[in-house]
Amino acid sequence: QVQLQQSGPGLVKPSQTLSLTCAISGDSVSSNSAAWNWIRQSPSRGLEWLGRTYYRSKWYNHYAVFVKSRIIINPDTSKNQFSLHLNSVTPEDTAVYYCARSGGPLDYWGQGTLVTVSS
Amino acid sequence: QSVLTQPPSASGTPGQRVTISCSGSSSNIGSNNANWYQQLPGTAPKLLIYNNNQRPSGVPDRFSGSKSGTSASLAISGLQSEDEADYYCAAWDASLNGHWVFGGGTKLTVL
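Residue numbers (the numbering used here), protein chains in the order written: chain A, -19 to 99; chain B, -14 to 96.
FYI, nobody ran anything at the bench for these hints, they're computed from the structure. Everything numeric in this text was worked out from a predicted model, so none of it was measured. Careful: at least some of the hints might be erroneous.
[As the list claims (entries may be wrong)] Partial pick of chain B residues on the chain A-facing surface, computed with a CB cut under 10 Å:
hint, residue
1, P30
2, L32
3, Y35
4, L81
5, N82
6, G89
All residues carry an ideal CB built from backbone N, CA and C; glycine is no exception.
The following block holds chain B by itself, in its conformation from the complex (with noise of 0.2 Å):
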């Protein structure tokens, strides 16, 4: 049971435009910056967005973070068929010492 909270599923048609929600609480996201990671199979998770709504260099600003209270989301505009993936989001925990806490990933599938 992972602590942030994400639909395990969505999916889209090229073109439209997808969220993903990751709902934490207090100690992660009500008090710390989100972050969002693509994963690709058989690959390691890949920095989309960090500090709620940053995107590093190199990644197209299809991607879009927001954070509101204690949940995050991730929009995803004129989807593509490689946008396929496992999203996943991330934030440190200031509980127990501190610690990272990841939510348990969504599959987009474009359709």
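For reference, chain A alone in the conformation it holds in the complex (with noise of 0.2 Å):
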């Protein structure tokens, strides 16, 4: 059974960066059939795909248009987990961040991650 647990701080300050990690459980960041993403939602915005990072052979990184000049989805193989980074954040930033695997469908979601962008 694959399992995310998702870790990070819920409140970042307006232009820092927003970082979290996802621990991946019963599947391997390294898979050559998965992709590993991070979605927000808001209850403006609705469910926001970020990107994703995934492994065929050599590492891809896949950005949402929206997102891409502020974003780094990072695999960390020697933990088997990925982490987001989305800097320059606003208050337009704040929602409930998950990670998810993909290996067809979204299948397996993180438990969610409120950030608040405040001062």
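Starting from two chains that each stand alone, build the complex the way the hints lay out.
Next up, the structure:
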């Protein structure tokens, strides 16, 4: 059974970097058949896919156009986890952030982390 | 404004059958599989239907999905009180180098 456990701060100041980690159990971040995604949800913007990282003989990253200039998703093979870094945040980045696996559909999700951007 | 269009609300009485629609375009549902999620308050979305009409292990057969052209539907038969939740459709969209897109969600109320 795949489980994703998220960690990271719930409060970030404007203009700073939002960083979250997603620890994987029951699968490998280096899997050749899965991708590892970050998604966020807010009342005003609904569910938004932010990006993904995946391994197919080499590492690939793929980001949503609207955050492409501000986002990095990194795999960490030594800890079997992946991370999200979103810089220059504003209050509009306030949302519940989820990590999720896709091996086809987005099938396994983390528990979610409410991140508030406020001074 | 979500890429996939769902009705904001739906309702039914226990035992009834309800359907929720999801309208997309040729770049998402029209060319890729539709998936459905159930979200209870304060929890992450849970995969309910994948590849248009497949149920993950553990999902009751009261839940079914279908797809036609650029639209998909979720049907819930024998409605139960515990089905009261938000339901979302999702699909891979081939535009803009590819990305996941979602519906705005349908709040199902069991009367």
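We went through each hint and held it up to the structure:
1. P30: 6 Å, holds
2. L32: 5 Å, holds
3. Y35: Where the cut-off is 10 Å and the nearest Cβ of chain A is about 4 Å from Y35 (chain B), the hint holds.
4. L81: Hint holds; L81 (chain B) Cβ to chain A Cβ min 5 Å, cut 10 Å.
5. N82: Hint on N82 (chain B): holds, closest Cβ of chain A at ~7 Å, below 10 Å.
6. G89: Because about 5 Å separates G89 (chain B) from the closest Cβ in chain A, which is inside the 10 Å limit, the hint holds.
Violation of the numbered hints given earlier is absent; every hint is satisfied by the structure.
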